[in-house]
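A.B. asks: Here's the letter readout for the chains.
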Amino acid sequence: MTTMATLDLSTGRLESQPVTDTAVRALLGGRGLNMLELARHLRRAGGAAQVDPFGPENPLIIGAGMLTGTIAPNAARFNVSAKSPETLGLGDANCGGFFAAAMRKAGFDRLVIQGQAAAPSYLLLEDGRGRLLPADGLWGLPVDEVQEALRARHGPGTVSAVIGPAGEHRARLAAVMTGKKNAAARGGLGGVMGSKNLKAVAAVGAGRIPVADPAALRQARIEQTAYLQGSRVVQVLGRLGTPFLYDVSNRLGTIRTRNSQDNFFEDTLNAAEIEKYSDRMLACTSCVVHCRHRNTLGGEGPEYSTIGLLGANLGIAPTDQVIDLNNRVNRLGLDASSTGSILAWAMELYQRGLIDDDLTGGPLLWGDYERVCELIEAIAYRRGFGAVLAESSQAARFFPTEARRYLNAVKDLPQSDPHDVRYIKSFALGIAVASRGADHLRNRPTLDILPLPDEVRRRVYGFSAPSDPTAYEGKAAVVAWHEDIYAVADCLGVCKFVTQGFNSPNLLGYSHFADLILAATGMTFTPEELRRAGANVVDLERSLNAAFGRTRLDDTLPDRTFDEPLPARAAKGHRIERGSFERMLDEYYAVRGWDEMGRLSPERASEVMSWL
Amino acid sequence: MLVHVRLGEPYWRQAGAHRLDLDLGPEATVQELLAAIEQRFPTLLQADIPPTVFLGEAVVEASAPLADGAAVTLVWAVAGG
Chain A
1 MTTMATLDLS
11 TGRLESQPVT
21 DTAVRALLGG
31 RGLNMLELAR
41 HLRRAGGAAQ
51 VDPFGPENPL
61 IIGAGMLTGT
71 IAPNAARFNV
81 SAKSPETLGL
91 GDANCGGFFA
101 AAMRKAGFDR
111 LVIQGQAAAP
121 SYLLLEDGRG
131 RLLPADGLWG
141 LPVDEVQEAL
151 RARHGPGTVS
161 AVIGPAGEHR
171 ARLAAVMTGK
181 KNAAARGGLG
191 GVMGSKNLKA
201 VAAVGAGRIP
211 VADPAALRQA
221 RIEQTAYLQG
231 SRVVQVLGRL
241 GTPFLYDVSN
251 RLGTIRTRNS
261 QDNFFEDTLN
271 AAEIEKYSDR
281 MLACTSCVVH
291 CRHRNTLGGE
301 GPEYSTIGLL
311 GANLGIAPTD
321 QVIDLNNRVN
331 RLGLDASSTG
341 SILAWAMELY
351 QRGLIDDDLT
361 GGPLLWGDYE
371 RVCELIEAIA
381 YRRGFGAVLA
391 ESSQAARFFP
401 TEARRYLNAV
411 KDLPQSDPHD
421 VRYIKSFALG
431 IAVASRGADH
441 LRNRPTLDIL
451 PLPDEVRRRV
461 YGFSAPSDPT
471 AYEGKAAVVA
481 WHEDIYAVAD
491 CLGVCKFVTQ
501 GFNSPNLLGY
511 SHFADLILAA
521 TGMTFTPEEL
531 RRAGANVVDL
541 ERSLNAAFGR
551 TRLDDTLPDR
561 TFDEPLPARA
571 AKGHRIERGS
581 FERMLDEYYA
591 VRGWDEMGRL
601 SPERASEVMS
611 WL
Chain B
1 MLVHVRLGEP
11 YWRQAGAHRL
21 DLDLGPEATV
31 QELLAAIEQR
41 FPTLLQADIP
51 PTVFLGEAVV
61 EASAPLADGA
71 AVTLVWAVAG
81 G
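The listed protein sequences correspond, in order, to chains A and B. For reference, each letter of the first sequence is one residue, going 1 to 612 in this note's numbering. For reference, each letter of the second sequence is one residue, going 1 to 81 in this note's numbering.
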């Protein structure tokens with residue numbers, strides 16, 4: 001039985017209640033049940049569009065996946081959800097590490113945190129009880145130090161989700177963090193946590209997570225682990241981590257460089273250079289991949305996204321400088337993707353003379369590592385020009401109107417990954433329709449870059465999909481297929497690196513997930529029912545976006561994507577043609593069963609409302 | 001004809017070199033180049049996920065013809081982040 005605890009920080013009252021079987025069958029857990037609670041709470045608070053993201057009425061929801069904390073492969077993950085201060089829309093971020101397993105072992109599957117504490121506080125979860133304690137000596141500490149302090153107070157097994165100075169200062173690109181680097185990064189939800197005066201949720205997880213059939217789960221774990229370990233992509237990720245993706249994008253001419261004015265950069269950011277600073281590979285709860293570097297500069301990472309966005313996108317080439325920037329944003333509790341994107345935006349505005357020293361307080365030049373260090377700190381503490389950049393996309397109001405043209409964001413969320421989407425058209429559609437904004441982890445059809453034989457595509461998708469990555473036609477169904485299975489992975493708490501379709505046709509699919517769910521919970525799902533659950537999450541998020549006032553007009557791309565062809569390498573000349581994009585969008589809406597404006601049918605909207 | 005091959009991530013690690021020079025027959029195609037690499041490094045390439053092949057800076061198909069002195073790059077076709 002899945003439970004949900006509601007904590008009112010204003011009163012300190014904590015109540016727990018079971019989640020209905022109907023809700024679990026429809027939305028599974030993790031992201032799905034978080035979205036349900038978000039929709040319910042925003043409706044009760046007077047409507048999604050009206051709620052102040054930094055107000056006490058904005059709920060901060062922390063929910064573990066259905067399988068999280070069990071021995072199911074790579075089931076470490078949880079979602080943090082709220083109205084986003086960065087986008088003023090749907091805020092949802094997914095995170096790995098060890099926190100969610102500890103939260104469940106402390107007796108909590110899902111927390112809905114409302115109100116605002118009178119003074120800086122933290123929540124301690126232990127033995128099914130929650131205590132709100134003063135954050136004396138913790139407020140102001142960076143991410144790694146606050147976790148260390150909590151371990152010193154409550155024992156070495158204490159695992160925490162925390163905010164750094166960026167969250168305390170309500171930076172709109174602040175993350176909720178656990179460990180040195182694991183981040184529920186997207187959407188500025190660390191700022192929401194800061195607005196509630198909540199520094200940390202600390203879990204002392206000594207209990208057991210109930211499992212329906214431990215022997216069957218053990219057997220599934222053994223079989224699926226062997227299957228995954230036979231996968232080349234799992235082997236390579238375990239050895240090199242995500243940095244190996246940089247060379248691929250760079251060679252193709254699809255690495256976002258200097259705010260996407262260029263499309264290739266230096267080889268100094270290749271995996272072979274990054275690994276010179278790595279002394280160990282690390283894992284999350286129950287992981288069979290081990291993709292995270294521990295770096296010799298005192299942190300963890302960097303990932304491919306950080307390499308691209310704090311490296312190529314800012315024109316910074318030295319490997320050690322990019323790793324250092326990665327460590328800085330993590331300690332301060334900033335979203336590396338948004339930070340790199342917003343800094344690059346400001347640099348281009350400065351380059352074009354749209355902003356000047358009067359606003360910026362000094363030059364903003366490509367490749368200026370020292371200046372970037374200074375600005376990262378200034379963003380986290382909202383000092384000087386950093387206070388403007390801490391507004392993320394909302395900083396547009398401080399700039400000339402023309403500035404928006406150079407912002408690489410969709411639905412006001414800066415693009416998460418460094419892959420320029422002008423070459424592979426399905427990637428472009430994916431970030432345009434992703435529910436939380438420009439983000440590759442909602443639906444990236446990574447198989448589109450693989451020259452897979454037709455029969456493999458048919459086996460994976462169940463339909464014939466065109467193999468040309470630069471084609472527009474037939475891509476909508478591919479995006480929807482990936483969107484559904486990634487939603488299911490997020491609901492189960494399973495990492496995408498072992499989810500079918502993410503860089504390999506051969507990872508864990510719906511049948512594997514159904515076996516794990518049956519063993520862990522005793523609930524039976526067919527693969528078709530699981531895919532429908534994924535579609536339920538997508539439709540619920542669509543209805544939430546409608547409540548935020550989002551329409552078809554928001555399912556679009558930055559102007560540059562349409563208007564400026566990629567300048568070099570294999571992808572040279574590629575851009576997104578507007579008419580073709582609109583036809584792709586029509587096709588996508590039709591595949592999803594939405595109308596031409598991207599709205600749910602009245603019958604489907606009623607069904608979604610019935611879950612609330 | 002002599003073809004210069006650059007092995008990108010992660011192929012170079014298994015081959016133990018970033019670059020290879022391969023002597024192929026006249027009128028060889030990319031397909032024959034891949035077969036030659038497979039013969040020399042039997043587990044380097046995967047049967048079900050072919051590499052992305054660049055001839056110069058252009059992405060080419062397996063049927064693309066090669067010329068003497070051609071510069072070919074092989075990278076693993078992945079794009080997730």
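No wet-lab data here; the hints were simulated from the structure. All of these numbers come straight from a predicted model, not from anything done at the bench. Heads up, a few of these hints could be off.
Simulated restraints, written as ranges between beta carbons of each label pair [what the hints assert, rightly or not]:
#, chain 1, residue 1, chain 2, residue 2, range
1, B, 67, A, 235, 27 to 37 Å
2, A, 230, B, 61, 27 to 37 Å
3, B, 42, A, 467, 39 to 49 Å
Not everything, but these chain A residues come out facing chain B in the computed CB check (under 7 Å) [as the list claims (entries may be wrong)]:
#, residue
4, 131
5, 132
6, 236
7, 245
8, 247
9, 248
10, 251
11, 271
12, 398
13, 446
All residues carry an ideal CB built from backbone N, CA and C; glycine is no exception.
A.B. asks: Checked against the structure, which of the hints given earlier come out wrong?
C.D. replies: The structure breaks hints 3, 4, 5 and 12; every other hint is satisfied.
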